[in-house]
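A.B. asks: Protein sequences, first through last, are from chains U and L. Residue 12 in the working numbering sits at position 12 of the first sequence, with consecutive numbering throughout. Residue 113 in the working numbering sits at position 113 of the second sequence, with consecutive numbering throughout.
Just so you know, the hints here were simulated from the structure itself, not pulled from any lab data. Please note: incorrect hints may appear among the correct ones.
[What the hints assert, rightly or not] Between beta-carbon pairs, the in silico distance windows are: (1) L:GLU64 x U:SER5: 22 to 32 angstroms; (2) U:GLN80 x L:GLY53: 26 to 36 angstroms; (3) L:PRO40 x U:THR2: 19 to 29 angstroms; (4) U:VAL114 x L:THR109: 40 to 50 angstroms; (5) L:ASN68 x U:ASN30: 46 to 56 angstroms; (6) U:GLU28 x L:THR72: 29 to 39 angstroms; (7) L:SER60 x U:LYS57: 27 to 37 angstroms; (8) L:GLY53 x U:ILE12: 42 to 52 angstroms; (9) U:THR2 x L:SER80: 30 to 40 angstroms.
Where is the CB? At the ideal position from N, CA and C, for every residue including glycine.
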Amino acid sequence: DTGVSQDPRHKITKRGQNVTFRCDPISEHNRLYWYRQTLGQGPEFLTYFQNEAQLEKSRLLSDRFSAERPKGSFSTLEIQRTEQGDSAMYLCASSPTGGGDTIYFGEGSWLTVV
Amino acid sequence: AQSVAQPEDQVNVAEGNPLTVKCTYSVSGNPYLFWYVQYPNRGLQFLLKYITGDNLVKGSYGFEAEFNKSQTSFHLKKPSALVSDSALYFCAVSPNQAGTALIFGKGTTLSVSS
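Extracted from the complex, chain U is given alone in its bound form (with noise of 0.2 angstroms):
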């Protein structure tokens, strides 16, 4: 399998816990990309990568929200001291560059906090 990988796919936690998010994406791609949805809405930009460089971040990544991507493939999303308000689904993408390249989703990961 060739394309973006998620993991884990389902991650129930309590309020308070920290939970950590990975993404593996298309080889060789540059660009890497995080999102958010919740039921009944699309997705939302959180934040993206090329290479290894945070180049944007949303004003929805507060500051308990931080990702990375150390070397420049595959990327980290940690989230601290978890809200009820984090359960979402947690969306990786991926695209060679940037402009119109097609970007290409993760099967994404589910968060509920309980």
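Once you've looked at the hints, dock chain L against the given chain U.
C.D. replies: For chain L alone, coordinates are given in the frame of chain U:
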């Protein structure tokens, strides 16, 4: 503000009939336009995109979309719907600037009855 509107929450069509899922956008410049489909509890699958050129774009699974600059629309169409087309469809726009991530509409649920 840049935005994408999908005016219909749900579209119902009988199998074999043509279908249209509407999308309008509000961005500056010349945007790149995309359609994605999402099946339950899955990530987004790319259907087609408009970058430049012919206003009628053909994509996967027999779908096509027509770009209309004067009406700022990018409606998704298919001549003959299948029950298996039933899913959630998202229109997305990327302003014509290197590095800007996709802005999604809220989605339209397509229901095709047999």
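A.B. asks: Indicate, hint by hint, whether the structure satisfies it.
C.D. replies: Status of the hints after comparison with the structure:
no.	hint	result
1	L:GLU64 x U:SER5: 22 to 32 angstroms	holds, 30 angstroms
2	U:GLN80 x L:GLY53: 26 to 36 angstroms	violated, 46 angstroms
3	L:PRO40 x U:THR2: 19 to 29 angstroms	holds, 24 angstroms
4	U:VAL114 x L:THR109: 40 to 50 angstroms	violated, 28 angstroms
5	L:ASN68 x U:ASN30: 46 to 56 angstroms	violated, 32 angstroms
6	U:GLU28 x L:THR72: 29 to 39 angstroms	holds, 34 angstroms
7	L:SER60 x U:LYS57: 27 to 37 angstroms	holds, 32 angstroms
8	L:GLY53 x U:ILE12: 42 to 52 angstroms	holds, 47 angstroms
9	U:THR2 x L:SER80: 30 to 40 angstroms	holds, 32 angstroms
Against the hints set out earlier in the document, violations occur for numbers 2, 4, 5.
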